[in-house]
Amino acid sequence: MSKNIHICKLSDIPANGIKDFVLEGGEKVLIANFSENYYAYNGNCPHQGTCLAEGFFDGAVLTCNKHLWQWDITTGKPIGLAEAPLESYQLEIEDGEIYVRKANALKMAELFRDISTSTQDLLVKLTRREEYEVGSVLYDLGDLTDDLYILESGRVEFELGRDERTSAAGFILRKGEVFGWAALLEHQPIRIAQAVCVEKSVLLRLNGEEVVKVLATDPASGYLVMRQLATLITRHFTSSSEQ
Amino acid sequence: MMTGKTLNIQVNARNRAYTLDGTSDDKILNLGLSNAIDLPYECGSGTCGTCKARLISGEICDRWPEAPGRKFLKPKKGEFLMCQCAAKTDSVIEVESFVHTMEAGACVPGLITGRVNSSKLLTPDVMSLQITMDQTFDFDAGQFMLVQFPEVVGFRGWSMVNYERHAKTLDFVIKKKPDGVLSEWLFGNNCEGVEVELYGPLGNATFYSRLAKNILCIAGGSGIAGIMSILSRAAQDGYFSQYSGDVFFGVRTMKDAFFLDELAAFRAECGEKLNIVIALSDEDVPASAQIDYPQLAFDNGFVHEVAGRHMEDRYQNVRAYLAGPPPLVNGSIGMLLRARVTTDNIRYDKFS
Ligand SMILES: Cc1cc2nc3c(=O)[nH]c(=O)nc-3n(C[C@H](O)[C@H](O)[C@H](O)COP(=O)(O)OP(=O)(O)OC[C@H]3O[C@@H](n4cnc5c(N)ncnc54)[C@H](O)[C@@H]3O)c2cc1C
Ligand code: FES
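Chains Z and W, in that order, give the protein sequences.
Numbering that gives the first Met the number 0 applies: residue 0 is where the first sequence begins, and numbers increase by one.
Numbering that gives the first Met the number 0 applies: residue 0 is where the second sequence begins, and numbers increase by one.
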């Protein structure tokens, strides 16, 4: 677990407003106030890195002023044109001071959004956090679809085909992005692409069958995950992009 | 015409890769768009940074290393602007977004040639310019072209004023930019007969009649260009018999206003559902304005503030089109968001 980082006093944040702070190492954190509550997110737009503090904030919805991506400030969930959620931080308040801590990548994953906290905690218990060097092959064509992966940091690329006839098939680079989701599907026992870490990467791994078992105990959450999985799959394979 | 060496560019996007066959003359953005691949862009002319990509392998040539849009890049990471760079060798590049192919029926952009047919001063610092093309051309109302004159390096973005299918001519209005290289040249020379290169059509601030929404247009200065095209298409289709149109055109003083006769004619043709307000930011509305143009309304203030006052709570089922200088577009966006207009209904061209 990462440790708490002190950011500012509660009173530094304008009422129903936003303010950003630069951490040691250059990372920017945006703190937002909405009535009684405070939220912390990465201060750069997940689209093109635009400074979010320069965007529009109406107390509930944050809009980046560059291409009008929007998010619900209470959850970081994308609205409208936005293609990605905000990267959230856990925020704690002690004696009127705000501290933040990096959030667990699983809790940020769009796939597991809005599910019950108890199920989320069970899933967190299933995760194995692993670090990989550049060039590590996470899985190859024809491998068994055992694990589901969540990116914490780094970057993973996918390739279709073998030997001389490979073609790039997209990449994953945002914290909380999920891949290897065939592990959640029935009748998809074999990987159809290769996944390689092209940067030093940290990943959370969960066994697909165990995830499905946990979800079976909480059908409401299970239903949400399957719906979100369907959205994820269509985003990667729209009719125009894949035969 | 240059004929560069043929080469191959692979574009790795978040969802998949595309392979493009082109030449060392082709700007990478243009090559993708001409192949109906919807690469990200906004200005197409080096200012906004939206077309950012990263070079993974190969070599590129930056045609405009001083482009202002480069301030959004991390050059150490190999980032470059697709709208200003061409490949020198086979290359692999990466675009950090989901990229899809264009919808069937979209007007796929291409490079065409034409010649300036006529030009006319509309005010001391605004001119209209008509270009006749060597072939017929389709575009959507509200789109723009990149235009290059032989005398001046680099393409400039200009929005079409007219609208017709299979167009043979394109009409533009050009505002003189203080110290602007092409504007100085255009306002100081007779450009009739000059051959130009055009690339387009570009832009997604487009209007089509199946939209089935009330439309709100806010434009400043030459930003009225694309709005004229939208009005032209809407008028041709009888759109304002069913939906309302509110047009706010901001200029400094009456002396800076142009197209007032044309706007009055749109109102006369389309009827009461089309309201057109001229907003004067630097002077009170002279009494003569209303007498000379009974079909138009006049008000005083910055155009987005005037629009805010007139629209009040009439934002239901609205699609907004914004065009002009960035402060005007940003001010209008803020106003629309406060009025709870959703972002998919806010279309804009920042004349950066
Ligand atoms: C989408 C869009 C639509 C627009 N529509 C209109 C319109 O309808 N009417 C209008 O008056 N204005 C319009 N503009 C603004 C217009 O493009 C600029 O005002 C115009 O480019 C000014 O040109 P200039 O030569 O006078 O100024 P300059 O300051 O000399 O040049 C400005 C622009 O020219 C290009 N440029 C300059 N040098 C180079 C170079 N070496 N290589 C490559 N490119 C170079 C760049 O695009 C730069 O931003 C539009 C802008 C955009 C983005
Ligand atoms: S599209 Fe290239 S900088 Fe704007």
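By construction, these hints were calculated from the structure, which means they are not laboratory data.
Each residue gets a CB set at the ideal place from its N, CA and C atoms; glycine is no exception.
Incorrect hints may appear among the rest.
[Stated by the list, open to error] List of simulated lysine to any residue pairs, SDA-like, C-alpha gap at most 20 Å:
id: 1; chain 1: W; residue 1: 76; chain 2: Z; residue 2: 48
id: 2; chain 1: W; residue 1: 349; chain 2: Z; residue 2: 47
id: 3; chain 1: W; residue 1: 73; chain 2: Z; residue 2: 98
id: 4; chain 1: W; residue 1: 76; chain 2: Z; residue 2: 80
id: 5; chain 1: Z; residue 1: 65; chain 2: W; residue 2: 349
id: 6; chain 1: W; residue 1: 349; chain 2: Z; residue 2: 98
id: 7; chain 1: W; residue 1: 73; chain 2: Z; residue 2: 154
id: 8; chain 1: Z; residue 1: 76; chain 2: W; residue 2: 343
id: 9; chain 1: W; residue 1: 76; chain 2: Z; residue 2: 25
id: 10; chain 1: W; residue 1: 76; chain 2: Z; residue 2: 234
id: 11; chain 1: Z; residue 1: 65; chain 2: W; residue 2: 114
id: 12; chain 1: W; residue 1: 70; chain 2: Z; residue 2: 76
id: 13; chain 1: W; residue 1: 70; chain 2: Z; residue 2: 25
id: 14; chain 1: Z; residue 1: 76; chain 2: W; residue 2: 75
id: 15; chain 1: W; residue 1: 70; chain 2: Z; residue 2: 48
id: 16; chain 1: Z; residue 1: 27; chain 2: Z; residue 2: 98
id: 17; chain 1: Z; residue 1: 65; chain 2: W; residue 2: 73
id: 18; chain 1: W; residue 1: 70; chain 2: Z; residue 2: 49
id: 19; chain 1: Z; residue 1: 199; chain 2: W; residue 2: 95
id: 20; chain 1: Z; residue 1: 65; chain 2: W; residue 2: 333
id: 21; chain 1: W; residue 1: 75; chain 2: Z; residue 2: 25
id: 22; chain 1: W; residue 1: 176; chain 2: W; residue 2: 289
id: 23; chain 1: W; residue 1: 76; chain 2: Z; residue 2: 76
id: 24; chain 1: W; residue 1: 167; chain 2: W; residue 2: 114
id: 25; chain 1: Z; residue 1: 199; chain 2: W; residue 2: 77
id: 26; chain 1: Z; residue 1: 18; chain 2: W; residue 2: 324
id: 27; chain 1: W; residue 1: 75; chain 2: Z; residue 2: 49
id: 28; chain 1: Z; residue 1: 65; chain 2: W; residue 2: 167
[What the hints assert, rightly or not] Footprint (simulated), chain Z over chain W, 3 or more residues, beta carbon under 8 Å:
id: 29; stretch: 151–163
id: 30; stretch: 280–287
[To be verified] Which stretches of chain W does chain Z cover? Using the computed rule of at least three CB atoms under 8 Å from a CB of chain Z, they are:
id: 31; stretch: 187–195
id: 32; stretch: 237–246
Practice prompt. Would you mind confirming whether the straight-line C-alpha gap from residue 18 of chain Z to residue 324 of chain W stays at or under 20 Å?
Written response: violated (27 Å)
Worksheet item: For the pair supplied as a hint, residue 76 of chain W and residue 25 of chain Z, is the alpha-carbon distance within the 20 Å limit?
Response: Cα-Cα ~16 Å, so holds.
Worksheet item: Between residue 70 of chain W and residue 48 of chain Z, does the CA-CA distance stay at or below 20 Å?
Response: holds (12 Å)
Worksheet item: Is residue 76 of chain W within 20 Å of residue 234 of chain Z, Cα to Cα?
Response: With a Cα-Cα distance of about 27 Å, the restraint between residue 76 of chain W and residue 234 of chain Z is violated, given a limit of 20 Å.
Item to complete: Decide if the proposed pair is consistent with the structure: residue 73 of chain W and residue 154 of chain Z, CA atoms, cutoff 20 Å inclusive.
Response: The given pair, whose Cα atoms are some 18 Å apart, holds under the 20 Å limit.
Discussion item. Run the distance test for residue 70 of chain W versus residue 49 of chain Z: straight-line Cα separation, threshold 20 Å.
Written reply: Given pair residue 70 of chain W, residue 49 of chain Z holds - Cα atoms ~11 Å apart, limit 20 Å.
Practice prompt. Verify the proposed pairing of residue 76 of chain W with residue 76 of chain Z, using a straight-line Cα cut of 20 Å.
Written response: violated (29 Å)
Item to complete: Measure nothing beyond the straight line between the CA atoms of residue 70 of chain W and residue 76 of chain Z; if it is 20 Å or shorter, mark the hint as holding.
Response: violated (29 Å)
Worksheet item: Is the hinted pair residue 75 of chain W and residue 25 of chain Z satisfied, with a Cα-Cα distance of at most 20 Å?
Response: The given pair, whose Cα atoms are some 16 Å apart, holds under the 20 Å limit.
Fill in: Residues of the stretch 151–163 of chain W with Cβ under 8 Å from chain Z, three needed, outcome
Answer violated; 0 residues pass the 8 Å Cβ test.
Item to complete: Between the stretch 280–287 of chain W and chain Z, see if three or more residues pass the 8 Å beta-carbon test, and mark the coverage as holds or violated.
Response: violated (count 0)
Item to complete: Would you check the hint for residue 199 of chain Z and residue 77 of chain W, treating anything up to 20 Å between C-alpha atoms as holding?
Response: holds (19 Å)
The structure does not agree with the numbered hints 3, 4, 6, 10, 11, 12, 14, 22, 23, 26, 28, 29, 30, 31 and 32 stated previously, though it agrees with the rest.
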